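**Q** Chain residues, written in single-letter form:
2 protein chains.
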Amino acid sequence: MFFEGSEKKFEAVFSGVDLRTLGVDFYRELVAKSQAEILSSISNDVCDAYLLSESSLFVWSDRVLMITCGRTTLIHACLHMINKIGKENLESLIFQRKNEYYSHLQHTTFDDDLKILRETVDGTFLLFGHEHEHHNCLFHYNKPFTPAEDDKTFELLMYDISDEQSDFLTTEGHTQQAIRDFFKFDKILPGFEIDDFVFNPYGYSMNALKGDKYCTIHVTPQKHYSYVSFETNISMESNFMSTILDVLKPDSFDMVAFEQNIAGLTPDNYDSRMLFSEKIDCGYRVDFGHFYRRDAGVKAPRKL
Amino acid sequence: MFFEGSEKKFEAVFSGVDLRTLGVDFYRELVAKSQAEILSSISNDVCDAYLLSESSLFVWSDRVLMITCGRTTLIHACLHMINKIGKENLESLIFQRKNEYYSHLQHTTFDDDLKILRETVDGTFLLFGHEHEHHNCLFHYNKPFTPAEDDKTFELLMYDISDEQSDFLTTEGHTQQAIRDFFKFDKILPGFEIDDFVFNPYGYSMNALKGDKYCTIHVTPQKHYSYVSFETNISMESNFMSTILDVLKPDSFDMVAFEQNIAGLTPDNYDSRMLFSEKIDCGYRVDFGHFYRRDAGVKAPRKL
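So the sequences go chain by chain: A and B. Sequential numbering of the first sequence, starting at 37, is according to the numbering used here. Sequential numbering of the second sequence, starting at 37, is according to the numbering used here.
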């Protein structure tokens, strides 16, 4: 049974209210709108990070970032947030959704989401990628916005990790520490506070915070449709990306970056299949690329 | 409005009845089961070729090949054929379906089709390709079958043809001859009898026959989701494939071949993204590959 690991995501910036003061009940209700729930949370001076039954929610004083996977209805949480805080306080909104391979199993399509969004928010829809290949649908609010200098985001979305790594991650009964070691968090996230959850029988989610840096990881480890996503504001120019790719050896990956050129980041052994880049009207530069391993080889089909 | 050009297809071999004697009313009813209709037909000594509102139907004495696109329900035509001719006369059945990018718009999913097929036919489901990429679902009847020496089939499924070619093919009012010249049929199909249809406002379908050779072409020319499919039993080792690729310059293509190794066919300027190959239990060797142009470059996203 295929699980649609690919996430929906929204990031909204508000003025006139400190979003961290709204309390956990407010966010519990927000998360419920997407048909997910809060599992646990960590906080530091600048951010509250909630681990969800389907992915993650981060709350800073002026912005929220919510990511959900599977059959969740993120659009309803997004609208709830805007209506509760007030559209007059909305400074920036970006709503993203990856193409799905089993779109008939989703409660809403991106077109449905778009209709709902446009009833409330005047915005622009951009399609990054080819419609017959991996692509990412992005909607942004049509209001000028100037990203802060350090407002960079990286999404590393990996498909078909190696059989060996899939075997490890689908082994039941792993401790959190075993999976932390597997991902080499001591190397890529030194000094970070970590909040993670091992799902039963398998699957893994993690939020991490350190000062103004965050990282979140979600793992659908099943062979043949494995998917692992990283999102972070740690620079991909560090050895972060190469370490992760070395651990998971995915057959292919997408990269989405805000305020960073990804053209020079193609790692050894991978080819860039496509690269889309745009300074979008609301102020951000957005890059989307798809990369795949060069050594594909001849494979047998899968018998089902 | 995206049109799902990718086809569903079945090929069934029967004994004990000459399928060509069943008459046009029989095939009109068959085609109606898939929610398509017959537009025209041509015949020669060995084959009747019907051009459909959504793709094509070929009838030989011992086999039918039916290909339909869009939102058609080919599964119902396939079942109708088996029930009418009798499962006891069924010697071989292959039912194929490409992954769809807008599967929520289809009347049935491949899983639905599989359930329906398995109520009548004991068969095997094979998935060629990666579930997170282009893939082709193939179901075959579990009955030993020995393909004749010349029983080869090639499908060349091309995505995102060049803007210039898309502009030409979406120009309204083309004559059939203008499109025949565009595709260089005089070069790739010399001496073939051609039956073709220019759709309004655009779109094109063609069947061609010459002795025991056939070819069918279906064109969804719209920029951003253009798709052109060729199916034929002409050898792809001739200059057939290179001529077509040279005319259309697609960004990527899939190739599906029965009884032919496609590993050595990667053309200049294209890379092989994946290659799946299997001698399937019912007797055929099946190859599936995805290929894409090397010179992708940086592109702007599409504003919708």
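Since the hints were derived computationally from the structure, they do not count as laboratory data. A couple of the hints might just be wrong.
Copies of the same chain look alike in the list, so a pair counts if it works inside one copy or between any two.
[As the list claims (entries may be wrong)] Lysine-lysine pairs mimicking DSS-like chemistry, simulated, CA-CA at most 30 Å apart:
id : residue 1 : residue 2
1  : K285      : K249
2  : K259      : K123
3  : K123      : K285
4  : K339      : K179
5  : K259      : K315
6  : K339      : K69
7  : K285      : K335
8  : K151      : K315
9  : K123      : K69
10 : K339      : K151
Predicted model, so just to flag it, every value in this text is computed and none were measured.
**Q** Hint by hint, note whether the structure agrees.
**A** Verification of the hints:
Taking identical chains as interchangeable, the C-alpha atoms of K285 and K249 lie at most 30 Å apart only when both belong to the same chain, with a minimum of 25 Å there against 45 Å between chains. Taking the shortest alpha-carbon separations for K259 and K123, neither the intra-copy value of 43 Å nor the inter-copy value of 36 Å comes in at or below 30 Å. Proximity of K123 and K285 under a CA criterion of 30 Å is satisfied in neither setting, with 43 Å inside one chain copy and 47 Å between copies. In this homomeric assembly, K339 and K179 come within 30 Å of each other (Cα to Cα) only across copies, at 16 Å, whereas the closest approach inside a single copy is 50 Å.
Taking identical chains as interchangeable, the C-alpha atoms of K259 and K315 lie at most 30 Å apart only when they sit on different chains, with a minimum of 23 Å there against 37 Å within one chain. For a Cα distance limit of 30 Å, the shortest separation of K339 from K69 across copies, 29 Å, qualifies, whereas the shortest one inside one copy, 38 Å, does not. Within a single copy, K285 and K335 get their C-alpha atoms as close as 17 Å, and across copies as close as 27 Å, so both meet the 30 Å cut-off. In this assembly of identical chains, K151 and K315 lie within 30 Å of each other by CA distance solely inside one copy; the values are 24 Å within and 47 Å between copies.
When the C-alpha separation of K123 and K69 is checked against a cutoff of 30 Å, the pair qualifies only within one copy, where the shortest distance is 18 Å, while the shortest distance between copies is 50 Å. When the C-alpha separation of K339 and K151 is checked against a cutoff of 30 Å, the pair qualifies only between copies, where the shortest distance is 16 Å, while the shortest distance within a copy is 39 Å.
Hint violations for this structure: numbers 2 and 3, all remaining hints satisfied.
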